[in-house]
Amino acid sequence: MVKPLLEVKDLTIDVHTSRGTLTAVSQISFDIVPGETVCLVGESGSGKTIASKAIMRLTDYENGTIAGGSIRLGEEWIQSLPQSAVRSLRGRKVAMIFQEPMAAFDPVFTIGSQIVETIAAHRRERKSRLWAEGVELLRRVGIPEPELRMKQYPGELSGGMLQRAMIAMALSGEPELLIADEPTTALDVTIQAQILELLNELKGSLGMSILLITHDLGVAAEMADRIVVLYAGRIAEQGPASEVLNNPRHPYTIGLLNSVAKLGSQRGERLRAIEGSPPGLAEMPDGCRFHPRCAWATERCRDSAPPLSDQGGGRFAACWHADQAAADPAAASALSGAARHPQAPRSFHQPESSDIPAAALLGAAARAEASAGFASAVPAAASADTPSASAALGEQPASRPLLEAEGLTKHYSLGGRLGRAKRTLRAVDGVSLSIAEGETFGLVGESGSGKSTLGRLLLQLEAQTSGSVHFRGEELTLRDKESWRQSRRDLQIIHQDPYGTVDPRWKVGDIIAEPLRVHTQLNSVERRTRVGELLEQVGLQAAWQNRYPHEFSGGQRQRIGIARAIAVNPRFILADEAVSALDVSVQAQIVNLLQDLQQKLGLTSVFIAHGLQVVRHISDRIGVMYLGKLVEVAPSEELFRRPSHPYTRALLASIPGTSAAVRESAVIRGEIPSPTNPPMGCRFHTRCPLATEQCRSVEPAFVEIGSGHSAACHYPL
Amino acid sequence: MKNSAASPETGLRRIWRGRLTRLTAQGQQDGRPVGKKALAVSRFRAADTLIVLAGLAVAFLIGCALFPSWIAPYSPTEMNTAAILQAPSAAHLFGTDYFGRDVFSLVVYGTRDSLLIGISSVIGGVLIGGTLGSIAGYVGGRLDTVIMRVMDVLLTIPGILLALTIAAALGPGLRNLVLAIAISSVPGYARVMRGQIMAIRSRGYIAASHALGAKPRHVLMQHVLPNSAAPLLVMATLGLGSSILAGAGLSFLGLGVLKEIPDWGALLSQGRGYLTVAWWICTFPGLAITVFVLSVNLIGDRWRDAVDPKRKGR
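Chains as they are written, first to last, in my numbering: chain P, 705 to 1421; chain Z, 60 to 373.
In case anyone wonders, no lab produced these hints; they're calculated from the structure.
Keep in mind that this is a model prediction, so the values were computed, not measured.
Using N, Cα and C, we set each Cβ at its ideal position, and we do this for glycine too.
Incorrect hints may appear among the rest.
Only part of the chain Z face toward chain P is listed, based on derived beta-carbon distances under 10 Å [unchecked claim]: (1) A146; (2) S268; (3) K274; (4) H277.
Excised from the complex, chain P in its bound form (with noise of 0.2 Å):
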């Protein structure tokens, strides 16, 4: 057995608060040998970030002590160093990269000035030397003209950019072990895709080890060799990745599978949440801290904590009933439907249907149609559409259209003032669509690419530059104030941010009821009795009126914003990125509630998100964007089946988890360009693997090219 290069044994770290010391994480032990992926996952609160600072001792910064437990990191025994033999640890032998690459470069100084004041602090030698060194890493990660990014400063670099060069940084001093918390997060899908093949390629290459910190399962099934799950500061399970995934034995690990939405899961079927929210540092509950979310748990979990047990094979998970989690085939098959797959462990989202031709078929269309068709096989698959949904789906949308979008454009003029040139910012170019009554509409695509102002156009919160809106067949403009007024009776919003958009002096019972203050003459004993009615059906309690929204969770607080976007039953609502804040267990409540809700009350809405699975999960027909224009619209599964644009391809490749080999086919390098200065002619063709003369020059026309499936792409597939 190879000797661990990172043993984490027992570790106990505290936190030293004002409201006095709690104890973050207590007792986690793991350990990582050399050229190995751990992954630390975990959701918010569950300590995975200060057990990974720990490891680098800058907790002593946040004021927090290694209360006990030892951490071995080759020789050194890392908690009982002074703080000055471990900064020389720092960087040389173990390096981090963060979430956030923006905050963690200076902005007034340059990015070759930052990576050769990192090397200096390690080695003296002649800045020149340093200097091409620099450029030497900056091209080692795979960052295009590294000569002139040395000179830039990191304002005007992309943030995947910045994540390159924050990795460039962190192999300065040839780590042996390099810590990524979050490394993606912050990041787009398909930019995702290229950091993370980029740190396996890294560790291939100069044989590290990586701490890899996620809340993404997604992500850790495609990078990880062994998996800790982490909850509530303490271990939940751990064991190789193959295992944790398609096998798991706690109970909270189970829950997390299924709370993701996946390509295989049945559209419309609901998801498997867990219930309640993880807990906070000062309130954990006694025995076993998952039990009061736990379908299990019986009078032992309450009363004492489970140690963690070995299960055999590598595997530990602490939790009393772990053998029954095993031998519960029901349990079993919930957790990750199609998704089991032994012979590809790292493939994570792939269903068993091996026999299908991968290279004759595009990755994700192979896994979503297998997938249907493993669904098929259990009762009430395909027919469980709502009728709109299969509405939608026919030649002709049955009903009338609720929202029509014509030519919208939206353009915002930029600078122009002391001497800089002005530019225009092409938001949203051009984009027609429309909504049928009672239908979902999801709308996908990376980062300015203009789905939130599309979706703001819709709702006419901005005026247009040209085009319009039609709602139920009459015009909606800002231009006219007061019926612009009436109607947002029927038009409705549910924020991103759940505690950024209510008035922190206001009681959740005021915030619910000022819709009904503004468009009803309601008294105020009505308008209690609605908002209590309103607090129920989004499950939460009538008597929580009098409370504050800091006083709730996240997820609860979103349900606030639920409550009061149903408030006034309005026809239509706008979901802007109303999950994508959220832990992954709380999405999954609450994209049940959404669901629930739109049936209940025959809503329409157009559902705005980053994460693939989840719009695909909810949305009855998928918008894609890019650049600010519309680059294909299809119904949900045709969508992921047969994606005709190759941006479309390229985003569902680069869902984490897709196997390497579906990728290559697939995944788009570079970035998004800028959109005060499109491409001309296809405005993907920049990073287009298709692209020929004639997309560089001529703009492909948004045509039809099947049963309501339209794309606009001069080559669609």
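We have chain P already, so just place chain Z on it with the hints.
Relative to chain P, chain Z alone:
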């Protein structure tokens, strides 16, 4: 003034924190979590000593303003030539001045005018400045530019000079004095209010309220103003001290209330010449100002915390 207000408070906060830590640690040792209630109670106990003291001080000073004859042992106009410039003693708590007047009685009798000048000029300044700042911040555009440039012009003139000019133009008298001080403090309040309104206006919940279809008036009155007011109120409590001092300065220059009973500021000015021989003439009126301003600050601060739901029950 600002420092003297801040340092005892932070010291006290540290003490509260210590108490909290101990309380939490105990609770955890017992194996039961410390409830929110226990925390709130302990915080209240620590805080209320100071707040009660401040409240008592303010109540006493208001008492002095309303019923000076009940508190003062001597008449403020009574001159005792036998006891000139006497140091503080049992007979004369704060000593006597150069006319042989009892300084304690002078301070007590001076309270009424001092508070009247201070409070009414602050109220006037906050009302005018707050309104102008709100309009500038909320409406924006050209109106904002016009209002704020006028404020900038006013700001270039030192406050006391501005007050002096206005008071000189209006002529002496209590009302004109108050008006002069109020106007000279308007630009400061307007700036703060405008900045605050602009910051609040760009918050998500303002956009969300608009998206609901709420009328601009509703948004302004229900969301923007209540969320913007706190800094202005804290600033107003701080401004109380400088307003009292400005009033004193103007009185000293003969533009204030010319009466035989001087206010605190006038006392301060008059005693200045005797600072080396009779420190008590200046010190005690100064202390009265300090005590009053400090107490009002503490109460204002606590009030702000109480109104902020995020801090409540923490």
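*Any of the earlier hints contradicted here, and which numbers?*
Of the numbered hints, just 1 does not hold.
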